[in-house]
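Chemist: Sequence:
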Amino acid sequence: MLLSDEQIIQVTKQMYVYLIRQGVRAEVAKDLAQDAIIKAWRYEKEIPLEKQKAFIFKIVTNEFYQYYRKHKREIITEDFSHLIHSGELMDNLLIQQEQSTEIINTMKNLNENHQKLLMMKYDIGMSYQEIAEYLDTTPSNVKTYLSRARSAFKKIWGDFNE
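Going by our numbering, the residue at position 96 of the sequence shown is 96; the numbering climbs one at a time, nothing skipped.
It cannot be assumed that every hint is accurate.
Unchecked claim - Distance condition first, Cα-Cα at most 27 Å in a straight line; then the derived BS3-like pairs of lysine-lysine:
#	residue 1	residue 2
1	Lys155	Lys108
2	Lys143	Lys70
3	Lys13	Lys51
4	Lys108	Lys13
5	Lys154	Lys143
6	Lys70	Lys154
7	Lys143	Lys116
The hints are simulated quantities; they were obtained by calculation from the structure and are not laboratory data.
The structure presented is a predicted model; accordingly, all values stated were derived computationally and were not measured.
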């Protein structure tokens with residue numbers, strides 16, 4: 001592949017995080033990310049270097065949708081019962097869980113495009129340029145789309161917290 005080993009590792013980690021955020025189990029996320037890299041190798045000579053990361057993300061997105069259609073979505077729940085907490089630590093944990101639930105509910109109420117944009121930027125940590133390549137648009141358009149997505153998130157968040 002024309003990408004360096006470090007770039008492949010970085011893209012694989014980003015895909016893994018993306019899939020985990022979509023609710024895929026860790027083992028399946030690793031398999032889907034690996035499958036996406038293998039499929040991308042088949043087309044390495046046909047895809048320009050600057051578009052390879054975006055191409056890999058499109059492949060992993062399609063892999064996720066295929067997986068999602070074939071399997072019921074499994075919700076991953078964290079079990080903290082094995083931890084012994086002090087009263088203050090337990091309060092902090094409960095507050096974090098409550099905030100996480102509110103964020104998840106807010107994200108579920110956004111349209112799919114806004115969800116993807118916010119996940120790519122804030123969960124995966126993609127740059128405006130990388131998102132632009134994925135969406136086949138310009139970085140300035142990505143900034144506009146993200147601004148709209150953040151506004152929609154804030155509006156829904158405000159509705160939940162009133």
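Chemist: Decide, hint by hint, whether the structure agrees.
Modeler: Structure-based check of each hint:
The hinted pair formed by Lys155 and Lys108 meets the criterion: a straight-line CA distance of about 13 Å does not exceed 27 Å. At most 27 Å may separate the alpha-carbon atoms for a hinted pair to count; Lys143 and Lys70 exceed this at roughly 34 Å. Among the hinted pairs, Lys13 with Lys51 is consistent with the structure: their alpha-carbon atoms are about 18 Å apart, no more than 27 Å. For the proposed pair Lys108 and Lys13, the alpha carbon gap of about 24 Å is at most 27 Å, so the pair holds.
With a CA separation close to 16 Å, the supplied pair Lys154 and Lys143 stays within the 27 Å bound. A C-alpha spacing of about 34 Å is found between Lys70 and Lys154, which places the hinted pair above 27 Å, so the restraint is violated. Distance restraint check for Lys143 and Lys116: the Cα-Cα separation of roughly 14 Å lies within the 27 Å cut-off, and the hinted pair is therefore satisfied.
Consistency with the previously given hints fails for numbers 2 and 6, ordered from lowest to highest.
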